[in-house]
Structure formats: C-alpha cells, structure tokens
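Novice: Each chain, letter by letter, is given below.
Number of protein chains: 2
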Amino acid sequence: MKKLINAVEDVVKDSLVGVAAAHPDSITVDMENQVVLRADAPHRGKVGLVSGGGSGHEPLHSGYVGYGMLDAACCGQVFTSPVPDQMMAADKAVGGGAGILHIVKNYTGDVMNFDMAAEMSAAESGTRVESVLVADDVAVQDSLYTAGRRGVGLTVLMEKILGAGAEAGRNLDALLALGSRVNDGGRSYGVALTSCVVPAAGEPTFELADDEIELGIGIHGEPGRKRAKLGTAAEVAEELVEPILADLDFTGAPVIAMLNGMGGTPLLEQYLMWGEVSKVLSGKGVTVARTLVGNHITSLEMAGCSLTLLKADDDLLSLWDAPVNTPGLRWGC
Amino acid sequence: MKKLINAVEDVVKDSLVGVAAAHPDSITVDMENQVVLRADAPHRGKVGLVSGGGSGHEPLHSGYVGYGMLDAACCGQVFTSPVPDQMMAADKAVGGGAGILHIVKNYTGDVMNFDMAAEMSAAESGTRVESVLVADDVAVQDSLYTAGRRGVGLTVLMEKILGAGAEAGRNLDALLALGSRVNDGGRSYGVALTSCVVPAAGEPTFELADDEIELGIGIHGEPGRKRAKLGTAAEVAEELVEPILADLDFTGAPVIAMLNGMGGTPLLEQYLMWGEVSKVLSGKGVTVARTLVGNHITSLEMAGCSLTLLKADDDLLSLWDAPVNTPGLRWGC
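Residue numbers (my numbering), protein chains in the order written: chain A, 1 to 333; chain B, 1 to 333.
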C-alpha cells in the first residue's frame, strides 16, 4: 500500500485537519465528532441539511458543505458509516428552527445510524428530523451492504438540488417531496478498471486482470453485475448507458448528466468518456440539458467512471443552476 | 495499460469532443487545430491570453479557459508540445487589438514552438505578441526536457492572476511585469508514489519499488532529485517544504499556496498532506493567506502531490480573489 498518510487509524482525522486549514473562512470542523460544518451555521428559518457517510468518496460529502448545499457532513472512517453521536452533533449545530433533513445513501449501516440519530435528535430538541434516502444504482437490486439499490452518484445531484431548495426557503415537506422527485427521476451505473485500497485493509479490495473491467461496480469495490474484457471507450459508453435507459425512460425531458471519475481516472479520459456517452445518449433520443464531468463521488484511487442521469424539469434545472459555494462544487457566487 | 480510450492516437481529439459537449455555452473547440477557446472570444481591447502544452495535465490548460483566466488553450498530444499552427490559430481567434500574451511552461519544445508562433502571428497580423515563461520547479536546475527550471504548478497561479489582470483591462506591458512578479515569487516541488502511463508508450514511464517515493519529480515522470523510502505524510511534508524554503524566503508576505494532486492521489490524502504541510509552514514562520487543494496540474494517473508557494501582496491577492469562471477553477461568478 502506497499512500500519503500517517497512521492508518488517523487518516480521516488527519485529513479533516487539512480541510479546516484550507477553508478557514467558510468551514468549521468539529474535530471531536468529525463533523464538517458551514462556518455560518445555523441559519434561522432554514431547514438544516445534514449528510455524511464513510470517508473515501471525497469531495462527497465534506466538500459539499457550504452555501447552497449541505449545512453539515458527518465523516465516518473510510467506507464505514458514521455513528449517531456524529449526526446528533451535526443536527444540533445546524438546527435553525425549521427542521432537519438527513440525506442518506442507501447502505444498511448508514440507514440504521441516521435513523437512530434522527429519533434521538428529535426527542432531545423537539425539532422535526426527516430523511431522504438515495438509492439510484441500477446495477444490483440488493448488494453486499444494502437491502435495495445502493446510493451512489445521484447523491451529488440530490445534495445540490435540496441545498438550493433549502436556501430558497422551501420547508421540510417541500424538500421531502423534492427529494422524492429526484429519486424517482435519477439513475446511475458505474464501471471499474482497478480496485481501490482501503488503508485499514492495506491491499486491493478485489483483483481484476489486466484486460478486465468490472461492470456495475459500487463505490466501495463491492462486486458489480459482471466482468468483461475491457473494450474501447465507445464500447464502455454503450455498457454505461444501456442499463440506465433500460430501467427508466429518459426521453421527453431535459436531463442533468454527471460523468463521474472514480478517483484514479485522469480528467482527460473522463472527458473522452463523456464525448462517447453523449453520442450514445443523443442516438437514443435523450436530451442533455446540463453536464458535470469530474471526480465528484469517488472510491479512493479506484480507476473507472460512473454515469448518473436525472430527468429534470424547469424547477429542477433552476435549482441545479442556483448559486452554490462549496469546495467541491461552486458556481454562481 | 488500462485506460478508457479508443485508439491511442485519438486520445486528445476524442477528449476534446467531450470538452465541447460538456461546456457548449462557455467553450468552443476548434477541432482541426485542437484549440479550446472562450465561446465569447475575441474581446475588443483586452489582451488575449493564450497558453497550452502537452495534454495529460488536465484541468491545465484546457480547463482554465473562460472568464478571468485564459482565452485559449492549445492542446498537444499527451506530454508533447503543440505546434506553431495551433498557437497561430489561437492567436488569431482571440486577438482583440490589445496584443497577445503567451503563457509558456519552460520546456524546450514548448518554448521553441511558442516562439515561432509568436513571431509568425505578429508578422501576419501586425499584433504585438509577447511571452511569459513559467519556471518554478526548484527540484532540478536543468532537466531532461529543459534548459533551466521546469514550469510546473505555478502555471495555474500564473494563468489565474494574469487572467484577472487582463480582465481588469491591464495592458500588455503591465501583464508582462505582473508575470515577472509571479515568477520571482513562486516556487514548486513535487513527489511521486507511482508512475503514469503515457497512452502511446503503453507502460509506466518509470518503476518505483513498493516502499519508494521519488522526490523532486516533474509532471511527465522525468527523474527528480532522489529516491527515498516512503515515510509518513508528516515526513513527506517536511521534504516538500524544505527545498522550496531553501530557495526563497517566504516569510514576511502573505502566501498563496497550492497543494496539488498529481492525478491518482485521492482528495482525502491531498487534504491530509495539506494539514501536514500547513503545520510545517506555520512552524517556519510562513503565513498562508490563500489555499487551493485538489487536482489542478496533473500527470495523468500518477500518484503523488506537489506544493506551490507564491509570495503575494495586496495586488496579487486581489487578482487571485477576482471572479473566475472556468471548468477547472471557478469562484466569484
């Protein structure tokens, strides 16, 4: 294992020291609870948006704390759910009297811990605490770590859109309805060329032959749908698009698309993949209205990419376009 | 070699198709010349800023085309200088009557090609065409590909600061003077944990043992100062800072710092490194006023990081803070 770290058990804590040092004006880090907070939280009258999960997917979630997106991100150990104490500390710090919304990726551990925290936060503070569960990965129905679909790339779009909604003053019920619309219209699928190495494990999570690709991979190196020979980018693009369009009809509405790098794939290749994917989508009658290319939800240094599509409408497009000012996503401010 | 590409010889062209597809509103790609242009170029009365170089360092340079930064980026093959025809096409497209400034990283091929282009563009158009040469790498005095220091991380800061200056209406002489100040006050140093694989070569540029790190690496896998055992992040941070501070005194002025990922190092580790580097800098009396962490000038999928420091003043800080709206760097707009 070759990594720029100190002790394996300190990776997340040590990284948060850097986050705090890099963004002193906009972000506060509660080091004891490993919670990244907007420096100007709480906001009176605004629904507090709290997310989090295992670390190793940066910029998700800690890089999406800021104006127009999350109020707080709870950072678990690498690929390990944070615990309820962390979410409760986050809830307490960002509660502005208009309720709290947890954005939770669908993994058994995260769901359980966020549920417990929601109950205890609500009991302790008298605040209403609700959850939106992201479950967009069409690769597998159930997986190693989930009942139901895994929450993957759509989480980035969910945090952006709900963040814009909360910033615009929408209330908790409106945000829950908005979250349902994003879930209903969003789908993802990913491929991996190499495994990542979890620091605590010290070796690759899985092995792939030099000419193999894993299709339908999750964001933790968990198995996908199948292995295949690595073809051309044009062929991989077909493999990425097909299962998504087979699951949901994306014609007839403007689509927000994200071509996401898994961490170890150069931006040069990500744009190349987007070129191929956009040709396939266009050939299938899908109209892309907005595009995001880059490392937005990663799996440490895994090589590969994922595609997320979201059926939008004028409201969702306008929330997508609304100003956002976070280390990981920034426009309009 | 495992890459998301079609034919090796089409990598750059195919990637530019994706760039054009991803940013239809803000960017135009001259596919014949492999030049990325601001969609709204040329700007009357503004100095046209043109950069470029070998591909494989994205987001540099193509990702820095836009408001407040470059007007055009000329994309060579991977790690290969673009040719004069490309720069001449760029110069022609962005010339707004106030002259053209080439921002050139100090590599023999780039310098030669940009010089030829400058001469021919000037002769053809009657426009004044000048160059700023970036040469900030303290690792080696001369290198495989350069006479004098290599141009590396400071290029990102140079493009941002000159871009802001040009946007604010500074003339060509003022921008040349500004470029000199950035060069005088900027230094970089990098380390690599793994090699990258150039598509046309198909195999790693160099080999490093599992416990080895290359210190003083460039951005093309060219040799650095020395190899050493990979230590802790805290030890690597000392190794990164020391040669920079030995070369220039960074105390007594606000410093703009960039902790840059080389491509294959997760953001989690990059922030961790910034945490360690910022402690070392603080211990040496260096005051960091602005920080940028992320993949900003990469070497394909190379694992590692580099540090760039720039001695600033109120003018440079204000140009740094000025609005920028490019795919790779965006704030304030």
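Certain hints may be false.
Since the list can't tell identical chains apart, any single copy or any two copies may satisfy a pair.
In the DSSO-like style, the derived pairs of lysine-lysine whose C-alpha atoms are separated by at most 27 Å in a straight line are [claimed, not checked]:
| # | residue 1 | residue 2 |
| --- | --- | --- |
| 1 | K284 | K92 |
| 2 | K284 | K229 |
| 3 | K13 | K284 |
| 4 | K226 | K13 |
| 5 | K92 | K229 |
| 6 | K226 | K92 |
| 7 | K13 | K2 |
| 8 | K92 | K2 |
| 9 | K13 | K229 |
| 10 | K279 | K92 |
| 11 | K279 | K226 |
| 12 | K2 | K279 |
| 13 | K279 | K13 |
These are calculated hints, taken from the structure and not from any lab test. All of these numbers come straight from a predicted model, not from anything done at the bench.
Novice: Run every hint past the structure and note whether it holds.
Specialist: Here's how the hints hold up against the structure:
1. K284 to K92: For K284 and K92, the Cα distance exceeds 27 Å both inside one copy (47 Å) and across copies (38 Å).
2. K284 to K229: The answer is within: 24 Å in one copy meets 27 Å, while 52 Å across copies does not.
3. K13 to K284: between (46 Å within a copy, 23 Å between copies)
4. K226 to K13: Cα proximity of K226 and K13: none, with 36 Å in one copy and 30 Å across.
5. K92 to K229: neither (50 Å within a copy, 45 Å between copies)
6. K226 to K92: neither (43 Å within a copy, 50 Å between copies)
7. K13 to K2: Within one copy only: 19 Å inside, 33 Å across.
8. K92 to K2: neither (38 Å within a copy, 46 Å between copies)
9. K13 to K229: between (39 Å within a copy, 24 Å between copies)
10. K279 to K92: neither (47 Å within a copy, 30 Å between copies)
11. K279 to K226: within (24 Å within a copy, 46 Å between copies)
12. K2 to K279: Cα proximity of K2 and K279: across copies only (22 Å, versus 38 Å in one copy).
13. K279 to K13: Between copies only: 15 Å across, 42 Å inside.
Violation of the numbered hints given earlier is confined to hints 1, 4, 5, 6, 8, 10; the remaining hints are satisfied by the structure.
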